[in-house]
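Quick note, the sequences are listed as chains A and B, same order.
-3 is the number of the first residue of the first sequence in this note's numbering; add one for each residue after it.
96 is the number of the first residue of the second sequence in this note's numbering; add one for each residue after it.
Derived by calculation from the structure, the hints in this document are not laboratory data.
What you are looking at is a predicted structure, and each value in this text was computed from that prediction instead of being measured.
Positions of the beta carbon are idealized from the N, C-alpha and C atoms, including for glycine.
Check each hint, because a few of them may be wrong.
[Unchecked claim] The calculated lysine-lysine pairs, modelled on BS3-like cross-linking and capped at a C-alpha distance of 30 Å, are:
1) Lys206/B x Lys135/A
2) Lys337/B x Lys202/A
3) Lys170/B x Lys52/A
[To be verified] Here are the computed distance ranges between Cβ atoms for each label pair:
4) Pro239/A x Val144/B: 38 to 48 Å
5) Val144/B x Val140/A: 42 to 52 Å
6) Ser269/B x Leu57/A: 52 to 62 Å
7) Pro226/B x Pro206/A: 52 to 62 Å
8) Ile15/A x Leu239/B: 43 to 53 Å
9) Glu502/B x Phe19/A: 14 to 24 Å
10) Leu57/A x Arg312/B: 29 to 39 Å
11) Pro206/A x Ile198/B: 22 to 32 Å
12) Glu104/A x Val214/B: 45 to 55 Å
13) Leu114/A x Arg499/B: 12 to 22 Å
14) Glu258/A x Val144/B: 32 to 42 Å
15) Glu187/A x Ile423/B: 40 to 50 Å
[Claimed, not checked] From the derived model, a few chain A residues whose C-beta atoms are all more than 10 Å from chain B:
16) Asp46
17) Ser63
18) Pro84
19) Ile186
20) Pro206
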Amino acid sequence: MNRNTQKWYDKPVTKIILITIAFTWIFPVFGFVLSSFRPGEAIKRESWWDAIYTGKLWTELTLANYSEIFFADNLDRSFYNSFAVTIPSTIIPITIAAFAAYAFAFMEFRGKEPLFLLVVASMIIPLQMSLIPLVQLFKSGVEVFGLPIIPALDINGTFVATWFAHSGFGLPLATFLLRDFMMSLPRSVIESAKIDGASNMTTFFKLVLPLSVAGIAAFATFQFLWVYNDFLVANVFLGVYKPENLVVTSHVSQLAVGAYGEAWHLRTSGAIISMIVPLTVFFSLQRFFIRGLIGGAVKG
Amino acid sequence: MKQQKQQEKLKSIGISMLALGFFPLIWFLFQAILFRELTEIISRNLLVVFALIIGSTFVFLLFLGMDKIIKLSPKENRESLEARMFAGPSLFMIALFLFYPAIRTFYISFKDRYSNDFVGFENYRWAFSDPEMLVTIRNQIIWLVFVVFFVLLIGLVVGWLSDRLNKGEAFFKSIVFMPMAISAVGASAIFKFIYEYRPPPLTQIGIINGIRVSVDRLGTQCMNNRIIDGVFNGFDNPNCLKPIGWLQQRDMTNLPFAQNLNPDGFMSSILVNLPINTMLLMVIMIWMFTGFAAVVFSAGIKAIPAEIMEAGQIDGASELRVFMSIVIPYIKSTIIVVGTYMVVTVLKAFDIIYVSTRGDLETNLLAVKMLDEFSKYRNFGRSATVAVLIFVCVLPIIVGTAIRERENTQS
């Protein structure tokens, strides 16, 4: 069916509804973005729509807010911190999950089915269920019947804590998605590689990993945006009280909860800087992101 | 001969313990302790560089190291050892970071605030009797009903209508989908700017209050503190409307149009008690997640065979009829999946409330309450109880989806 020839498509009503919705969606951002280019005093003196109306807006526009928030208010430090949290928190779970997915897809071992069921089941555990014990674990270790399995590490407030927390929360989904993806690869190719005497390591690195790039990219995009935009885990494991431990989201939240009074010029510019990275990733990798998102519909 | 066999067996057990137990533990501890010490001694910028290097490479060292150790074992054991080495770290981390904590949270929820003594169901009794908790549960239910409903509804409308455009489909979907990429913290900041309230003599910079105070009433020209030809035009005239602190309004009683309502009537009492700040906060979440629903629905609608749609048209069904009788039943399973996702997301909603109101003014949600009890009041027992409540709400939904999924794949 050629939809272009259909008359009842493309009715003006459709367009009006869609344009209304799109306008409603973009409108909140519009005034916000505009205000980020206005001096702090001007924002408070005159509302942005009045400034457009009176024409004063065009003389006010400045980039000073951005340099102030970025350099004077140390958002650059939070920015680097965000990367120090996000990139390892993406790479670690993907690597570990890719190995596990390979094992579940192509290797034989005892208890394979029940163990995989365990992975799937762990997806239902909400993050909130793990927070308290995990904080205690990172602080004072684990003892089982008086036998210390993990000693007291006291790593809360360091990046390592967030890496492992995010890895733990991301692993079930990553293992599940990548195993699904690897199952769809042609089995004969992998089997013939094994017959040719390639070790599992070689097959994994030379054959399966390159073939799974699309699946890995889907999860990587999803996990990257999830960790970068995350506030809860950063709040709990890095804390918001030490300024050198802030990541971008917690920094923006500090701005927004009112610690800075009515500093709307910093709130707007700070929030917009924080959005640049995810929006870039989103628009360049939209296809992968949506795929990861649909797969991640039940993430814990 | 027998002795040799035993020796072989001992050796392989030793190697497997070394490779799968000892080495990963050392790896984990080394990484943690190294980083803890680095945090103390080196400068922040250098620390970030180290974090990127260590964080992205150490995980490969783990597998390469295990591989090297396993290579020492006799050949016939290697296959099973390798399988355990591939799957082991994932399973171990899931067990340590998800299953163990979840069980422990259950356990803690039956103990007192310092996890010293058992208190039985005391924390659960608190959860369903404390006035603050009751408000939190009420809010959670309101959020679940309205957010899920509106996300599905607007998502369906956008997904269906944008599919009918000849061009610009991707454009519309991108606009609605865009908020999904930004953080909830950023989204909350955006909407806080819209709901912004400033005490009356000051200029209203939030658009809702700005429009409200600029409405001309009773023949008086009201203006939002605008200077025209050197003359100051404010809204301090008693005839003009006063701005409203939208996020501070826990019900409608302070709003002018609700003041004349009879609080004893059924409908009007609902209207008076409408938690306006909670409603406005829900808008943020609807704004964020509608695009996701729209994109997923749009993919589902595209998969509907053209013949079915055409048949509907030929039979003279109206568009609404086509939508209700063909589109909705066809993508029913997609709607359920998105609905499930939204329910789970709303149950774990945290950032919006935390950033906008900090859970005050009767806007609290379970996830925020959980963190408040944990880090503000330091009551681990109650915090764990709230976490268990979230889990108990999530559990049947996801299990139900899994069972339905299974039935679908089998039939």
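Contradicted hints - numbers only: 2, 3, 4, 5, 6, 8, 9, 11, 16, 18
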